[in-house]
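S.K.: Use these hints to put chain Z onto chain E, whose structure you have.
Protein chains: 2
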Amino acid sequence: MAMKKKPVTGMKDITPREMEIRDYVIRMIKDTYGTFGFSSIETPCVEHIENLSSKQGGENEKLIFKILKRGEKLKIDTAETEMDLVDGGLRYDLTVPLSRYYANNANNLPSPFKALQMGNVWRADRPQRGRYRQFMQCDIDILGEPTILAEIELILATSTLVGKLDFENFTIRINDRRILKAMAACSGFPEESYDTVFIILDKMDKIGKEGVAEELEKEGFAKESIDKYLSLFDEVTEDINGVRRLKELLEGFLDQKIAEELETIIQSVDTVKTAKFQIVFDPTLVRGMSYYTGPIFEISIDGFGGSVGGGGRYDEMIGKFTGQKTCACGFSIGFERIVMLLLERDYQVPSNAGKKAYLIEKNMPGDKLAAIFKEAAEERKNGNIVSVNMMKKNKKFQKEQMTAEGYTEFKEFFCDGIK
Amino acid sequence: MAMKKKPVTGMKDITPREMEIRDYVIRMIKDTYGTFGFSSIETPCVEHIENLSSKQGGENEKLIFKILKRGEKLKIDTAETEMDLVDGGLRYDLTVPLSRYYANNANNLPSPFKALQMGNVWRADRPQRGRYRQFMQCDIDILGEPTILAEIELILATSTLVGKLDFENFTIRINDRRILKAMAACSGFPEESYDTVFIILDKMDKIGKEGVAEELEKEGFAKESIDKYLSLFDEVTEDINGVRRLKELLEGFLDQKIAEELETIIQSVDTVKTAKFQIVFDPTLVRGMSYYTGPIFEISIDGFGGSVGGGGRYDEMIGKFTGQKTCACGFSIGFERIVMLLLERDYQVPSNAGKKAYLIEKNMPGDKLAAIFKEAAEERKNGNIVSVNMMKKNKKFQKEQMTAEGYTEFKEFFCDGIK
Numbered sequence: 001m002a003m004k005k006k007p008v009t010g011m012k013d014i015t016p017r018e019m020e021i022r023d024y025v026i027r028m029i030k031d032t033y034g035t036f037g038f039s040s041i042e043t044p045c046v047e048h049i050e051n052l053s054s055k056q057g058g059e060n061e062k063l064i065f066k067i068l069k070r071g072e073k074l075k076i077d078t079a080e081t082e083m084d085l086v087d088g089g090l091r092y093d094l095t096v097p098l099s100r101y102y103a104n105n106a107n108n109l110p111s112p113f114k115a116l117q118m119g120n121v122w123r124a125d126r127p128q129r130g131r132y133r134q135f136m137q138c139d140i141d142i143l144g145e146p147t148i149l150a151e152i153e154l155i156l157a158t159s160t161l162v163g164k165l166d167f168e169n170f171t172i173r174i175n176d177r178r179i180l181k182a183m184a185a186c187s188g189f190p191e192e193s194y195d196t197v198f199i200i201l202d203k204m205d206k207i208g209k210e211g212v213a214e215e216l217e218k219e220g221f222a223k224e225s226i227d228k229y230l231s232l233f234d235e236v237t238e239d240i241n242g243v244r245r246l247k248e249l250l251e252g253f254l255d256q257k258i259a260e261e262l263e264t265i266i267q268s269v270d271t272v273k274t275a276k277f278q279i280v281f282d283p284t285l286v287r288g289m290s291y292y293t294g295p296i297f298e299i300s301i302d303g304f305g306g307s308v309g310g311g312g313r314y315d316e317m318i319g320k321f322t323g324q325k326t327c328a329c330g331f332s333i334g335f336e337r338i339v340m341l342l343l344e345r346d347y348q349v350p351s352n353a354g355k356k357a358y359l360i361e362k363n364m365p366g367d368k369l370a371a372i373f374k375e376a377a378e379e380r381k382n383g384n385i386v387s388v389n390m391m392k393k394n395k396k397f398q399k400e401q402m403t404a405e406g407y408t409e410f411k412e413f414f415c416d417g418i419k
Numbered sequence: 420m421a422m423k424k425k426p427v428t429g430m431k432d433i434t435p436r437e438m439e440i441r442d443y444v445i446r447m448i449k450d451t452y453g454t455f456g457f458s459s460i461e462t463p464c465v466e467h468i469e470n471l472s473s474k475q476g477g478e479n480e481k482l483i484f485k486i487l488k489r490g491e492k493l494k495i496d497t498a499e500t501e502m503d504l505v506d507g508g509l510r511y512d513l514t515v516p517l518s519r520y521y522a523n524n525a526n527n528l529p530s531p532f533k534a535l536q537m538g539n540v541w542r543a544d545r546p547q548r549g550r551y552r553q554f555m556q557c558d559i560d561i562l563g564e565p566t567i568l569a570e571i572e573l574i575l576a577t578s579t580l581v582g583k584l585d586f587e588n589f590t591i592r593i594n595d596r597r598i599l600k601a602m603a604a605c606s607g608f609p610e611e612s613y614d615t616v617f618i619i620l621d622k623m624d625k626i627g628k629e630g631v632a633e634e635l636e637k638e639g640f641a642k643e644s645i646d647k648y649l650s651l652f653d654e655v656t657e658d659i660n661g662v663r664r665l666k667e668l669l670e671g672f673l674d675q676k677i678a679e680e681l682e683t684i685i686q687s688v689d690t691v692k693t694a695k696f697q698i699v700f701d702p703t704l705v706r707g708m709s710y711y712t713g714p715i716f717e718i719s720i721d722g723f724g725g726s727v728g729g730g731g732r733y734d735e736m737i738g739k740f741t742g743q744k745t746c747a748c749g750f751s752i753g754f755e756r757i758v759m760l761l762l763e764r765d766y767q768v769p770s771n772a773g774k775k776a777y778l779i780e781k782n783m784p785g786d787k788l789a790a791i792f793k794e795a796a797e798e799r800k801n802g803n804i805v806s807v808n809m810m811k812k813n814k815k816f817q818k819e820q821m822t823a824e825g826y827t828e829f830k831e832f833f834c835d836g837i838k
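Residue numbers (my numbering), protein chains in the order written: chain E, 1 to 419; chain Z, 420 to 838.
Only chain E is shown next, with the shape it has when bound in the complex (with noise of 0.2 Å):
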């Protein structure tokens, strides 16, 4: 009976040398949000297919892999469609699932609640070099906490991990989705056209100050208005002082303490940080989803393109899946793309324990084999790796290939003694 060799499509067998670094992160992950007070929940990787289809997932939902009804539920003759063979879905984010969390448990969580969650989701997309339909994601949220402590608490504990992972020289970009609504607003954009600014003004560092205002112009937008907006960006440097600039800019159309509050998270991050990186202000920051309504972040790697996580403030939404409005702000890790660059640095992830092989010849005897387990036990109880296996005829292979395993030490063991 044969069986199907490779893995399903676009699902991945993870070998050992990726397991290291992906338990290391993991580690890293848990010690180091733990510090924040940040504690970890599950849930089933399975969910109501009617949660997932609640119109808050966006493109993704098109993309769920369904479960089908099992025993008397299925009723293959009479179903016309997708809906009446399924009932649940493998989730396609760990959003949705916090809010069903939240909503289920609230009463015997504490608020704030600190939430980490890190878990396998499933999304059927056209299959791509370096992207997979089953992958991990990495989420800390807060939820019940309306100031911008959560905003600090999730962009400190964020860096700090990527410092602790190694990585030097990482930027983390803040704005404020009512700050881009104000510099529109300030412009003279119709108020119903901003997702159209903003998508375009989010090509920025691709296409340039010229291309922004050369796809504004082509929606129709008055030249002013482009103008106005375009010489705004001007005026503002990535720094605390971009923020105060712009307040004064914004006044009439910005909460003066909205840019105050950006300000201070700034601050306290520069004040704070001891891993090597910058938090700057960038008024271009768009992040895609429309769900976000206050701060808006995202840290990437200096030389490797593209964000490796991202997050905001997200008032309404938890409220709109449960009916009870709850604030809530979180921040994402991109962990498969951190395990993706620590991969192709080689990484080595840090230890003390020596690697050792135990070789045995063959028809040790029982009480010397006894001896032999008692040596490997006593090593293993001071933290080193021992593997103990037979010796192979070809012995100088069998070293060859344990070395590029990573053991280091060989120890033979012979019927009549210890070579």
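FYI, nobody ran anything at the bench for these hints, they're computed from the structure. For each residue, glycine too, the CB sits at the ideal point set by N, CA and C. Accuracy of the hints is not assured; some may be wrong.
[To be verified] FRET-style restraints, in silico, Cβ to Cβ:
#, chain 1, residue 1, chain 2, residue 2, range
1, Z, E629, E, K374, 37 to 47 Å
2, E, R131, Z, E501, 28 to 38 Å
3, Z, G825, E, T237, 36 to 46 Å
4, Z, E636, E, C415, 44 to 54 Å
5, Z, E469, E, P127, 14 to 24 Å
6, Z, I618, E, K55, 48 to 58 Å
7, E, G71, Z, V768, 38 to 48 Å
8, Z, K800, E, K374, 35 to 45 Å
9, E, R17, Z, G639, 52 to 62 Å
[To be verified] Below, a sample of chain Z positions facing chain E; criterion: calculated Cβ distance under 10 Å:
#, residue
10, T451
11, L482
12, D506
13, N539
14, I567
15, G742
16, A795
17, N803
18, A823
M.R.: Just chain Z now, kept in the frame of chain E:
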């Protein structure tokens, strides 16, 4: 838009308290098995439906969560059976995926290959108290090691782990499928009825020797076979002497080497053990799965009915899957049971970290806030847990709540200075 708040039937949300235990057990498993040279691997949670339906999974194959085909491949109109509708399923154990993994990656894996797998599996079982449809399995397997080094390493690794988790007075029972068969043969039972005999023998601890005799009689077995069979058990003690005696009694029916190897396994484990446990020879140990071919073992914790893990040698199974004969031996630990036991004992995870809460008065100026976060960062750097929170109006209640969460120190920050 109302959301379903409960998890899907038979699956559960995991609380921060349970996660603390789970994370700790996972860490102990990775650390302990790591010192024995086991490498972690992972496979996708979704498997080809064909691989899951290959008849190796027994009853579990009836409990598969099946995944609907997607896009053009799904043809609801012409579908007649479930298999027309699905192309994947959630894995119901880690053994099928391990076989596929080994077939897919054998060229890049060392030989022998010592694998550690931890991961969720899914079974659409009838929901019942304490049993869930998603649960974690934790298996160690040694592939490609034909000698008892595999058995000894697996038993030592598992008993070391259970000892580290602060369980005392546990018991490892060991037997060998070939001894089971030799005892049946020596008593004169016909070979085709061995499985029937073993199913009855397996009840010895519940119905006693008289019960076993009765049931064997009911099945119509010869009186002298039954008498002979039960007399064998009378002769045998639960230690190495028992194995030696049985070796004599079964001469002509049992390869003497099998008994000697079993003796060496017991002797080695006994010599090495540091935790408080016993390893006993149990000739009534059967283990359900018919795929075992050699030594079998089970671990149970005194005072807790039922086993918390088990395993054995299964030299034929991987070959049936992959077409390439591969000897194999594994030990599976009952992760969910162990977590449940620790929770019931209100187990406190060992930790040196202080748990401190900072309470901050409203409207703290930005520079003072930054200084508070800097102080928190110093404490976190030293391994302490610090949660920075806004001070609530009902501060007494807030502190009570946080005390319940395990916070033992509170520091209050007011706009005009620290209290």
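S.K.: Starting from the hint list further up, note which numbers the structure goes against and sort them upward.
M.R.: none
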